[in-house]
Amino acid sequence: MRVEYINPFVESAYNILNEVLHVEVARGDLYLKSTAAPVLGVAAIIGLAGDVEGRVLLDMSRETAIDIASAMLKSMDMDPITEMNEMGRATITELANMITGQAVTKLHDLGFKFDLTPPALVTGDNMEISNTNVEALIVPMEMPQGKIEINVAIRERG
Amino acid sequence: MIGAQNGVTGQTTLFASQGEEGEQQREDIDFKMVTFSLGGKDYGVDIMKVKEIAKFEDFTYVPNTQPFVSGVYNLRGDIISVIDLRVMFNLPVPQRTDDDPEDGLIVRLDTGLIGVVVDTIDRVVGISSESIQPPHPIFADVNIKYISGVVEHDGRLYIILDVERILGDGSEEEQAQIESTAATNAGDALKFAEETSPRTRREEPEPGPAEAEEPLRGASSSVAEMVAQTLQTLTGFTMTSINRTWVEERLNQWQSEHAGDAEITTQEHVEEFLSTFYSPYRGRFWDEDYANQLKKVLPADLKGNITVWNPGCGRGHEAYSIACLVRSAYPEARIKVWAEDNDLLNVSSAPSLAFTREEVPGWYEPYLVEGSNGPRFSSEIRDSILFEYSEVTNASSVPPCDLIVIRDVLSFLSERDQRRVLEMIEDRAKDKTIVVPGANEDLLPVGGFTEVTQGAVRAFRIG
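First to last, the protein sequences are chains A and B. Be aware that the first sequence starts at 1, since it is given in the numbering used here, and climbs by one per residue. Be aware that the second sequence starts at 1, since it is given in the numbering used here, and climbs by one per residue.
If you are wondering where the hints come from, they were derived from the structure by calculation, not from laboratory data. Treat each hint with caution, since some may be false.
Claimed, not checked - One side of the interface only, derived from the structure: several residues of chain A facing chain B at Cβ under 7 Å:
hint : residue
1    : R27
2    : Y31
3    : K33
4    : S34
5    : I129
6    : N133
None of these values were measured; they are calculated from a predicted model. Heads up, the beta-carbon is just placed ideally off N, CA and C, and yes, glycines get one too.
One chain only, chain A, in its complex shape (with noise of 0.2 Å):
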C-alpha cells in the first residue's frame, strides 16, 4: 500500500479509539496480510472509490464489540449492551465511520480524494475476507475491552 496513506489511517484510529473510550490504546507493530484473511467475528466494512479503489474493515472479536459499544454507550449517559443488539451494532458502524472519516479528512488534506460508500456490518463465525490482487495493511490496537484489527487495503488505479 501507499506509503502515504499509512499514517492518516494509523493516527486516527489511535485518536478516535482514545476519544470514545477514554481508556490507554496501545498500537501494535503494522503489518501487511496477502489477500485472504479470517475475520474475527464482527466487521464493519467502509468502501473507497475515488483516485484509488479499496476497503477498510474494523475487525473485532464478538465480546470485544460488545465492550467497546457498551464503554461508548456509557460515555453518552446510555444503557450499556449485553449482546450484539441493534444498538450495538449500530455503534461499532459509527466507530467505522468515525475513524474512516477522519482518514480520508487527512488524506483529502494531502491532496488524495477518496470516497466513501455507508458502512456495512458483517457478524459471524469463521468468516474470511478476500479481494483479489490487493494486499492487506493491519493496524493492531490493543486496548482493555480487547483488540481491534484496523485493515485496510487499498490500490491504485493503474
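Go by the hints and put chain B onto chain A.
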C-alpha cells in the same frame, strides 16, 4: 533490498571447509545443527527443523497457559506461539532489561511453526551423523526422552534435542512428564545458576584436528549445498539456479583467501561471505557510468507511458535513480515507477528522502531543486514514483511494466517464493520488458530470458 533487511540475527556461524590436512581421516558432514546455550550448556537442533533465527520482542501474553509459554508472537503477519525452553526445563533464566530482544529460533514442526526462546544462539555446526552417540542421562537437565543424541565437536559436547518430541503434539501424559522433569531438575538448576553465568559468551575454541572437514579442496557442489543450507537458515539467502554459480565461485575464492582457516564461525564471516554478492550502488546514488550502462540496456523505441516496477527499493535511492534515468532517456514519456519495500521504516521515509549535494553525482543535476532543507528531487520526479509498503510475494496491483529492477531481492526469498515472483515478472511483462536482477543473479537458467547485460548492469529481456 528486501532480503537484506530481513537480515541476519543472532550470533551465527557458517561452517565452510577446512580444506588443508588432506592426509587426515575425514568424516562426511551429513548432519548440520543450529547450536545454542541453555543454562550455560550447549544444545543443538537439526538445521532442517529450523526455519530461521529470530529476535523476539513484544510477546503478547496469553493468560492461563503453561508457565513455559511466553506468549504469542507476530512473525510478519503469522501468529506463532513462543515457548521458553529454559522455563520448560527449569533452567535459570537470566535477568534482562525490558527492551532487550530475546534470542530464539523459529522451529518447523509437523504441526506448524513454533518459536523457542533460548539464552544465546551460538553457531551452525556440521558433523557426521555417525559421530552422534545415543544419549546418556548424565549429560543434561532434560528428560532423556527429548534428546536424540550427543555429539562432540571442537571440544564441546552438544546435546541434540528432538524438537518434534518436545514441542510436537504431545499427549497429556507427555505434558505431565515435562512438568515432573522440570520439578526434579529444579534443585540442579538452582545450584547451576550459582556456578555459571549463562549469558557469558565463550571464546571461540581453536579448530581441533579431529573435527569434521569437507572432503574436497575445491568447492564441490555438495559443499556448496551445505553452505547454502547454512546461509538459508541464518540469512534467508536461498541458493537456486539463479545464484548457484556465484555461491560456488565465492566458495572457491573464500577457501583460497582463508587457507587453513576457512571455517566460518562468526556473524562477521557470514556477512563477509555475502559481502561480494550485493549489486553496486546499494542504498546510494548511481554514478554516471552505471547509469549509462543501464540506459544502453533500455529499448530505443519506448514512448507514451513507461511503467517501472522496483521491488526492494529500500530508502528510495534506487527508485529515484531509475526515475531520473528513464526521464533522461525518454524526455517525452509519462513515467510511473512502482517502488516497494517490506521495511516500513525505510520505505516511509523514501518520499521525503534527504541528502546532500555531495552524495549526488552530476548527472542527477537537471532533476534537482533547492529546497529549504537542502536539495531535493523535482516534483516531476517525485510525482512519477509511487512508494508502497508491500511484500513482494503478496498479490499487488502493479500493471504491466517496461522495466523491472529487482536487484538482490530474489536470492533472499525461498525457492517457492522465487518461482512465484518470477511468474509475477512474466505476468507483468510487455513486448520487450527488461528485467534487471542483482549483479550476481542469473536469470538464464530460469528459461524465457535473453541476456542483454551491459558492463556492471546485469540485464535480461523477457522472451
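How the hints compare with the structure:
Because the beta carbon of R27 (chain A) sits about 11 Å from the nearest beta carbon in chain B, more than 7 Å, this interface hint is broken. Checking Y31 (chain A) against chain B by beta carbon gives a least distance of about 5 Å; that is within 7 Å, so the hint holds. Annotation: interface hint on K33 (chain A) holds; nearest CB of chain B at approximately 5 Å, less than 7 Å. Restraint check, S34 (chain A) versus chain B: the minimum CB separation of about 4 Å is within 7 Å; hint holds.
Given the 7 Å rule on beta carbons, the hint for I129 (chain A) is violated: about 14 Å separates it from the nearest Cβ of chain B. For the restraint placing N133 (chain A) at the interface with chain B, the shortest Cβ-Cβ distance is roughly 5 Å, inside the 7 Å limit, so the hint holds.
Comparing the model with each numbered hint stated earlier shows that hints 1, 5 do not hold.
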